[in-house]
Structures are given as C-alpha cells and as structure tokens.
Amino acid sequence: MASIGSAATTSAEAVRRGISGRRMDVAGRLFEGVLLLSLLISLAVLVTLLADVTGRGMGVFVERGLGFVTAPLSSDPGRAGIGQGVFGSLMLMLIVAVVAFPVGIGAAIYLEEYARDTRATRFFTANIRNLAGVPSIVYGLLGLAVFVIALRSLTGPQVVGRSILSGGLTLAIVVLPIVIITASEALRAVPRGIREAAFGVGATRWQVVRSHVVPYAAPGILTGTILAMARAFGETAPLIMVGGAVSFLSTGDRGVLETLQGKYTTLPTSIYQWVQEPRREFVELTAAGIIALLVTILLVNGLAIILRNRFARRW
Amino acid sequence: MAPTRDPLALTIADLRGTARRRRSELLMRSIFLSAAAASLIITGLIAIALVGEAWNFISRVDLAALAAGGWFPRRGMYDIPTILAGTLLIAGIGMLIAIPLGLGAAIYLAEYASRRARSFLKPILEMLAAVPSIVLGYFALQWISPNVVQAICPGGASVFNMAAAGIAVGVLVTPLIASVAEDAMYAVPASLREASYGLGARKRSTSVRVVVPAAVSGIVAALIIGFSRAIGETMIVAIAAGGTGGSLFSLNPCGQGQTMTAAMTALATGSDQVRGADLAYPSLFFVGLLLFAMTFALNVISERFVRRVRVSY
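From first to last, the protein sequence lines are chains F and U.
For the first sequence, position 309 matches number 309 in the working numbering, and the numbering has no gaps at all.
For the second sequence, position 149 matches number 149 in the working numbering, and the numbering has no gaps at all.
Take these hints with a grain of salt, some might be off.
Simulated DEER-style distance windows between Cβ atoms [unchecked claim]:
1. U:Asn56 with F:Asp117: 15 to 21 Å
2. U:Ala190 with F:Arg280: 52 to 58 Å
3. F:Arg64 with U:Ile58: 20 to 26 Å
4. U:Gly198 with F:Ala27: 17 to 23 Å
5. U:Ala151 with F:Ala51: 31 to 37 Å
6. U:Val216 with F:Leu298: 52 to 58 Å
7. U:Leu96 with F:Thr121: 35 to 41 Å
8. U:Ala19 with F:Pro102: 50 to 56 Å
9. F:Thr48 with U:Tyr186: 43 to 49 Å
10. F:Arg29 with U:Ser34: 56 to 62 Å
11. U:Trp55 with F:Leu298: 42 to 48 Å
These are calculated hints, taken from the structure and not from any lab test.
For glycine and all other residues, C-beta sits at the position ideal for the given N, C-alpha and C.
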C-alpha cells in the first residue's frame, strides 16, 4: 500500500489512492459517464437543431443577402421576406420596454423595500410566482378579451382591436412576472449594511432606494430585463390569440398613433405562417426566418451573460 | 410629579422630517404599491375573462357535445377527453425524455463537474432554454418527425404526429428541470457530503443516497414545474402534432392528435368566424380556463410540497 506522503505532498488524489488501493470504481465511473451523456445528448440536440436550420436556411441568405431581411411578406416565396416582421417585433419590444419594465421594477421595489413580511405580502409574492407559471397562451386569451374586444375603441378601431398596441400590451403582461422576479432577486442581493448605513445618516426610504439600493442592483435588474426581452421576442402563442398573424399588409406613411393602432405582423408569427406551408421553398424560408430569430435571441442572451459577468459583484 | 420636558431633548416628531419630505415619501410609496397591485389586477382580469366566457359556453352547450368522441368545434363537437388525452400524452412523452436528461444533467453539474467544466457545460443548457418554442416546433416537424419518429414507429407514422411533438416538448422542458433541480442540489451543504465521505461512501453513493434525498423537495418541484410547462406548451404542438382542423379521440403517439393549447390556436387562427354566433369563441375560453386551472393547481402543489418537505440547513 502506498504510504501517505509528507504534509507537503499529500493530495486528495494520493489519499484516495491510498484508501482504495488502486482499485477502480467501475460502477461509479459508469454512473458518471451516464450523467455526462445526458448533458451531451442535450448538446447534440442543440447542434443538430442549429445545423439543420443553417443547412436549409443559409441558401436564402446567400442568394438574396440582406434583401430577405428587408423584403415584405409575399405569397411568392422568392420575394417574401421578414422586413415587416422585424419592424413589428421591434415595435412590440418598445411597448414591452415602456410598459413592463417600469411596472415590474416598481413592483419589485415595493415588495423588497417597502412591504413588511405580512400575510398580504406573502400572498402578493405567491401570486406573482403563479403568474410566472401561467402558460403564455392564457395571457393571449386575456389580451383577446381585454385589449382586442373590451378596449377595442382605444387599441384599434380600424382593425377590430387586432393592433400592434394590443399585441405589445399582451406581451408586456406575459413578461411582467419574470421582470418582477428577476428584479426582486437583484434587489435582495444588495446587502443590508448598505441600507442601514444610509438610514443611519438620515436618508428616507425613497432616498435609500434611489441612491443606494437601485444603483447597486442595476446590473442584475438590467440582465433580468434583457433576458425578459429575449423571451418576449420569441413569444408566439399569445400573439396568435390577439391577431398578430396578418398575412398581407401595406406600410405606407403613417403617424405614430396609426402605426400603434394598425395591423402588424411579427417575426415569430411570420415563421408560424411559413411553417404551415408545405412547399419546399417555404421550408427554406422558414429556416431562414428562424436563423434571423435565433441569431437575435442568442446575441441578446450573450449580451446579458457578458453584462452579468462584467458587473458581478461579490460582497 | 409630572416629568418636565427638557426643551433641548429630541423627540420622535423632530426626527420625522418636514411635511414636504413626508409627502414625497408617501407619494413614492404609493407609486410602488400601485405597480405591485398591477399583478393582482392581472390575476383578477384573467379570472374574470376566463370564467365569464367559459360560463357562457357551459350554460349554452349541449352537454352531450362535451363527450362526442372528437374535437371538431366547427361541427359542434367539443369532446374534452380528446384534447385532455392529447395534452397528457404529449406531456407524458416529454417528461419521459426530460426527466432522465434533466436530472442527469443536474446531478452531473452539481456533483461531478469541475468549476471549469461547469463554465462551458452550463451555457449549453442556457442556450437550449433560450430557443423559442416555435423553433422547436419547426424542428419537431422537419427533423424529429422524419428522422426519429419514422424510425421508431412500427409501420411508419403520419407526418404530423404526437410523438414528434412530445419529444420536442421534452427538449424544451429539459433545461428547466435541470436548472431548478441543480439549484436544489447545489444548496445542499458540503458538510453532508463530507460526513458521507467520512463514513467511507463513494462519490456515487454520496450523490444518490445523500445529496439527492436532501434536495428532494427541490427536485420534485422541478418535475412538477416541468410538467406544468409541458401541458401549457403551445407552438410545438400547434405545428407538429397535427389536428389543426380537429381530431378524433386518439392515444396513438404515431398518429395525429389534438391538445388543449393547439385547439386554442386553431380556434383563434381559423378565421374571424370565431366570433360568430356559434359556441367556438366561448369554447376557447372554456379550454383556456381548464388549462389555467390545471397549471395553477400544479404550481400550488409544487409550492406546498417545497414548503412541507424542505429542510432548512
């Protein structure tokens, strides 16, 4: 049996070898291999997915270049593009940012900084966690009933309520719970001492929140909101419920209000329409649209991860 | 003798600040409170919107139509067992894929992977989690269905089939299960592992007999959340499971099927006739209420479970 060396050379490995006497733990190794395999299968699926999409869709980009990105919808697969879809999706993101972020961050600030730990507060947070678990299509129904039908005269009188405003507000509600939860986590990560120091010199609660807690939590909040945005960008089901899948539309010169109350299409709903077309050209078109969608989403996610690592703070 | 006030002593009133300062504090507080109240309003609106139209449906529909052997809303057949069976079958196939893959990945990442290995293995799951479900729907239809399902199914399968949708749902749910379960195992204190090693246990016994049982509440919660997500998944089944126009009751994974979510998208995209005089439009909300009730119940169960079983370290 190997002698256990002096303190300087003792390593965990040497101790382990000394105890196990060079026998290999075959079953243990096998178990580890199976576990690793389950991760590798996920990787293989991801690689296959990306390879399949690129293989089918790259041709469209090679052939038409950026023309595909700017072209409007068309029933002719040789001319159809994602221009209107990209415009619609960006408009939706704008509405989401304007509506969901202030409300979500405000709610998180209330729950983390103002609310005492009462039964009502616990009910609030449980409710938010439940909202995060509600399938997005149910939010689509909410949007259909509230924005498309009940508030039709506000959201889009010309297009029976199926306007970009209805779609954006619906998406904002879909991501609201996610924004609240991630912002709450970021606020909770700020140590008590920072708050107490500020209270100690006479700051009011709002001053503490504004000048101390929120600045320290800002990177975390930002990462969370960016990820919520990426989620909203790929969200399809609620938009189908509130009428985002309009095949042909004209975009002329329109004012802001007319745009907000007008018809629209989005990148994911364009993809959904193409995927239902059996013709081979449309399969390629679908794949090309998916490339655009995936590149955007993965870039945004990457940005969030970089931000998170860059500003990660250890207390 | 009544205590005399020292005119120089500070009182609470002196520390309270000026009236203006208190007013602005109150203002900010109410702004934040109303933001938080928005979440309650949303819950209320969901309940009102769903229950109202669902009641409209249930009070007007011929109850025999709810067990008509098939889901064909345009023909007045609203067979709930059909869409319920399709939903559970596809979610079941998904869980069959996602449980081993997700838990395996979680145990590996929490117990075996070195810090360096984690730093490039974990992003795989994060990237997979970022893939939108419409992309997985395309993948199910164009790749899983021809390459995997056709090979598994004896006698071939239809182009649109529930197996392909189920497998894609599994792929979608895997990262979710892995991340929640890994968090739970990561939170198990090192002292438990050290105690196990101290008794002479090997890595595998420590992982399976000490860490997993210690993290069981989080792991079960991960599975319930995953299942809840699987039954609510929409785009994959709408694209790959078939049955856009309707479907007969079927439990054959190699064939077409209809789920609650796919039935809802079909009703919404069919055309604007969904607002016609028939019951198609309210039936949308009835199915939505059913789905909402199921996922809500699952979420509540997982929360209860976590609270009851969790040992705080």
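Hints, verified against the model:
1. U:Asn56 with F:Asp117: 15 to 21 Å: 41 Å, violated
2. U:Ala190 with F:Arg280: 52 to 58 Å: The hint (52 to 58 Å, Cβ to Cβ) holds, given that Ala190 (chain U) and Arg280 (chain F) are roughly 56 Å apart.
3. F:Arg64 with U:Ile58: 20 to 26 Å: 51 Å, violated
4. U:Gly198 with F:Ala27: 17 to 23 Å: 21 Å, holds
5. U:Ala151 with F:Ala51: 31 to 37 Å: 19 Å, violated
6. U:Val216 with F:Leu298: 52 to 58 Å: For Leu298 (chain F) against Val216 (chain U), whose Cβ atoms are near 34 Å apart, the range 52 to 58 Å is violated.
7. U:Leu96 with F:Thr121: 35 to 41 Å: 39 Å, holds
8. U:Ala19 with F:Pro102: 50 to 56 Å: 28 Å Cβ-Cβ, so the 50 to 56 Å window is violated.
9. F:Thr48 with U:Tyr186: 43 to 49 Å: 29 Å, violated
10. F:Arg29 with U:Ser34: 56 to 62 Å: 58 Å, holds
11. U:Trp55 with F:Leu298: 42 to 48 Å: 44 Å, holds
Consistency note: the structure conflicts with the earlier hints numbered 1, 3, 5, 6, 8 and 9.
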